[in-house]
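S.K.: Single-letter residue listing:
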Amino acid sequence: MSAINNNCEYISKKQIKITFDGKTYQAYEGDTIASALLRNNIRLVGRSFKYHRPRGIYTCGIEEPNALVQIISEHNEPNTRATIKRVYDGMEITSQNRWPSLRYDFGAINNILSPIFSAGFYYKTFMGPKGFWKNIYEPLIRRSAGLGKPPKNFRSKSTHQYHNTDVVIIGGGLSGLVAAKKFINTKYKVLLIEQDSYLGGILKNSNKVKTINGLIPQEWISETEEQIFNSKNITILKNTLVTTYNFTNHLIALEDKCAGKKIDLNKPELTLHKIRTSNTIIANGHIERFISFRNNDLPGVMLASSFEKYIHRYGVVPEKEPVIFTNNSSSLSLLKTLISLGCKPKAYVDSRKKDNIETEIKKILKEKDILFFSDAEIEGCDGNKKVETITIRQGKTFSKIKSPMLCVSGGYNPDIHLFTQSKGLVKWDKNILSFKPDTPFQKTITLGSTSGNYNFKKLCDEINEKLSILKTKKVLLDINLNVPNKFSIKELWETKKKRISRWSKSFIDLHNDVTTKDLRQAITEGFDRIEHLKRYTTNSMGTDQGKISSINSLAIVSKMLKKEISEVGTTTYRPPYAPLSFAAIAGRSTYEFYDPERKTSIHSWHLKNNAIFEDVGQWKRPWYFKTYENETMHQAVQRESKMLRENAGILDGSTLGKIEIKGRDALEFVNLMYTNAFSKMKPMTSRYAMMLGEDGMIKDDGIICKISDQHFIATTTSSGAPKVLADMEEYLQTEWPHLQVYLNSITEQFSTFNISGPKTREIMMKVFPDIDFSNDAFPFMTFKNFDYKETKIRIMRASFTGELGYEIYITPKFGLDLWEEIFSCGKEFNLIPYGTETMHLLRAEKGYIVIGQETDGTVTPIDLNYNWMIGKNKKDFIGKRSLSRPDTSREDRKQLVGLSPINKKDIIEEGQHIVELNELPKKITNPIKYLGHVSSGYHSPNLNHSIGLAMIRGGKNLLGQKFFVTATGKTKNIPVEIVNPVFIDPENKRLTS
Amino acid sequence: MILIKCPYCGERDQSEFTSGGEAHVVRPKNPDSLSDKDWGEYVFYRNNPKGIFYERWVHSHGCKKWFNAVRNTSTDQILKVYKVNEKRPDFSDFENTLKSPSGEPSVGSGNFAVKK
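Protein chains in written order, with my numbering: chain A, 1 to 993; chain B, 1 to 116.
These are computed hints drawn from the structure, not numbers from a lab. Treat the hints loosely; a few may be bogus.
[Stated by the list, open to error] The calculated DSBU-like cross-link candidates involving lysine-lysine, where the alpha carbons are at most 35 Å apart (straight line), are:
no.	chain 1	residue 1	chain 2	residue 2
1	B	Lys50	A	Lys274
2	A	Lys17	A	Lys262
3	A	Lys880	B	Lys64
4	A	Lys517	A	Lys320
5	B	Lys115	A	Lys474
6	A	Lys680	A	Lys989
7	B	Lys64	A	Lys680
8	A	Lys238	B	Lys5
9	B	Lys5	A	Lys662
10	B	Lys115	A	Lys813
11	B	Lys37	A	Lys875
12	A	Lys880	B	Lys50
13	B	Lys115	A	Lys353
14	B	Lys29	A	Lys662
15	B	Lys99	A	Lys427
16	A	Lys262	A	Lys232
Chain A with its partners taken away, still in its complex shape:
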């Protein structure tokens, strides 16, 4: 028995070659992987997730739970649904989750061991001992369970596209096309979205409709598509799947730009459409569901409408003599299709009573002499990696039939996924035995089978009525059918097993290998809420999200709980509707486009001089400079630090945030935002200042330059600048709108250089011979403006290293020129460039803090001994009141101290804990008393030993005491002495020299 080709105009006659698991097969252009494999009589395509059971192609679309494959020729793309992925010449495909081969899979031993793998197996079994989960269980489970392997060497070129429309029609099937017709040449901007490469839906997938308005379906589709295409207000998107329905009619749809084509490495393969619409029309149809019976997962079992879709849509008859098993009237269409092709089903099994079965079915079966079982069901099927024998129960008698394929129809579910994502309410419909949309929450209209209307004759009226709220045209439809107009169904979710075998299973979720027995067990164990049950059994949690089975499981569970289905409720439908590639979500925001890189005007010089960069916010800052090939970071930093304290060094500080504060009330504003007192400050002086949160904790620091009472410039940390500006704006707009102050970010308007070291003055005098840099003329924390060549510069006497230092501000246009000029002048004084790491080391030697290193959002200025920065006589500033809260007044708060090792060779590491024990016990049973942590730790080349800054409980009162610091990988701790955090020049002689 083998597949035969059917004439089909959706498939081209062009033959192409594909490979599956290394073997080459013939396919037609337009085939999906599944239709190509069926054409070649391949029924076994994969192994299941947990039990490694052989699996075949179950459906013909997005709902596929089994046929997931790996596409080797597309950077190893895993878990691709064979039923929707289109083939192209040279496509390389492999099966998944099997070793060594698909036919002989070692993991199939899980099926034999399956009695122990029941619901909740992982939770119950992999409990202890400690460490086993991480080292043994998890790697083991990850290797044996699961699906494809991750892609390699993948760089996506996906793009995003935005739409603003009046109407979106989801689904280009019969209902969608009729709806679109109503909008032809209207004032509405309409987007018609179809997941397939052809419009038509049920019209091209089945034999149900004979004629529409006198035309055969194909002609009607072409005619309608042409009309829609010619209407300027309607855009058609094909190969596009709506995956997400968010609030305020925001939809996300994924377009496959390479459907049926080899991926072009220079073009986007996916487009993510982000759509805002005023009205959404959901017409994405229905999904057939299966029925649970013994071994309902064997390759060869397929949904009836999918079987029919392969014949009409892809021109392949998977099998000439299948058995048909149904509980409803829809399978007549398949029966008639097979007969018209000269095929003859082996048997027709209908669970409905003979009287309830349509006379036309009975007539055909009788005429063609086909075995007919009414009021009967499939007990199960058996076979080795495929369906061989099918057992039918009719009353108390059992019949066995040999057939390689079994077509199953358990009824149809309106595809309510998107509707429930939109927060619409659904309601159980007893006539179709499924949930259908009831009350929409947004401007959502459901049409056709999505709305639970399975009656073709009523379709036109439904569409005309539901769209009457919009100004559209009236459409007339005259539909002639091949099938009965009335839908009839008998409730059947699971058939009774004749014998119980440990290896035969009746599945409820094919993707995640959940059996109906698992559902029963979970309920017995008390998981009787549907959301709990879902998570405990993993039912409907696979990549198919239980599209063909979730309603069945609700029904089975409701029977077990003796409740109505609507009482049991559904699990939550969450986006995406179908798996959505991360590449599509990321779009162009990958690699260098992920986040902007900000570079200073000196960047090219840094590159030339072998700077190693550090990311600070979005900025690229030199971390340290390499002077020779093998110089390590430690060596470079030690060299830079020593050279600076002996001679001079220069740092590119352009990244520091700069905010201009101007206006009538600038002084009052600065006084409110910062802790310090600015009123008595003289113009053209500057001050180190701190900004707190309302909770009293330090948020940011910087130097405030006062030009006048109406004009200040505040510097901020490099990464804190946007937040500080936003916070200032917030207070100005919301709390103090009466203050007349204007803020402006001027970070990028200036290149800033920090030059410091004992020889700085000599260098400055050489670069700027006309300026008096003497202590009297240019004291510490003052600044002046000067003309320099054709521009202006501002020089400020300030330092972050503890040495004599100046900061130079110049427009970036001339930044590099000046930087180079300083170097040519500084050469004779051994001026060096230094990076952020040396800056951190030098400031730690001096006991200066860094925001985010010593502070972590729980530190007040008092904790740092920075009481001098607090303007106590100011009536108010942000955070002032909080400095006297009971918590901030505690004596045992963590406070800043210095650490000096008692044995000068010991190294104090950043992040280590400070404890009272000289040695940690080998096995820690009781908590060890923790005093604090090392916030900064460096080897000081100037003191020639390790130093540390630490935040220690009650640290201010512990000066001179001995404690211990833990060390990486050792139980022996390092003895340290608590010292003043200022290690170098506590009298500030160097600073003010």
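Fit chain B to the known structure of chain A by using the hints.
M.R.: Quick look at chain B alone, frame taken from chain A:
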């Protein structure tokens, strides 16, 4: 992702805005005169209702202006947008709006997608 109507620029995507938490929490004029408890309530305590909520937003990737909005936190509908200096709209203005997408109770969450 919801749409927010900036009172200065018009309707824009949520991604252009930053939420600023509860609105109408006024910074006390004389913090020093407040008890620890009262000051603590100003700094740390905010309402988090299910339902109608007065909140602040800033059009951070736009005009950078702060404004107030009344949002139903259970349906995410923005019921009113007004400038900082405008009067706080009355709670009773919104009492007749939809309480929740699926009629679930006023406290707690859960899945109530099925109509009984």
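S.K.: Determine for every hint whether it applies to the structure shown.
M.R.: The hints, checked one at a time:
no.: 1; hint: B/Lys50 <-> A/Lys274; result: holds (29 Å)
no.: 2; hint: A/Lys17 <-> A/Lys262; result: holds (13 Å)
no.: 3; hint: A/Lys880 <-> B/Lys64; result: holds (27 Å)
no.: 4; hint: A/Lys517 <-> A/Lys320; result: holds (34 Å)
no.: 5; hint: B/Lys115 <-> A/Lys474; result: holds (32 Å)
no.: 6; hint: A/Lys680 <-> A/Lys989; result: holds (25 Å)
no.: 7; hint: B/Lys64 <-> A/Lys680; result: holds (33 Å)
no.: 8; hint: A/Lys238 <-> B/Lys5; result: holds (33 Å)
no.: 9; hint: B/Lys5 <-> A/Lys662; result: holds (30 Å)
no.: 10; hint: B/Lys115 <-> A/Lys813; result: violated (67 Å)
no.: 11; hint: B/Lys37 <-> A/Lys875; result: holds (20 Å)
no.: 12; hint: A/Lys880 <-> B/Lys50; result: holds (33 Å)
no.: 13; hint: B/Lys115 <-> A/Lys353; result: holds (31 Å)
no.: 14; hint: B/Lys29 <-> A/Lys662; result: holds (24 Å)
no.: 15; hint: B/Lys99 <-> A/Lys427; result: holds (20 Å)
no.: 16; hint: A/Lys262 <-> A/Lys232; result: holds (31 Å)
Of the numbered hints given earlier, the model fails hint 10 alone.
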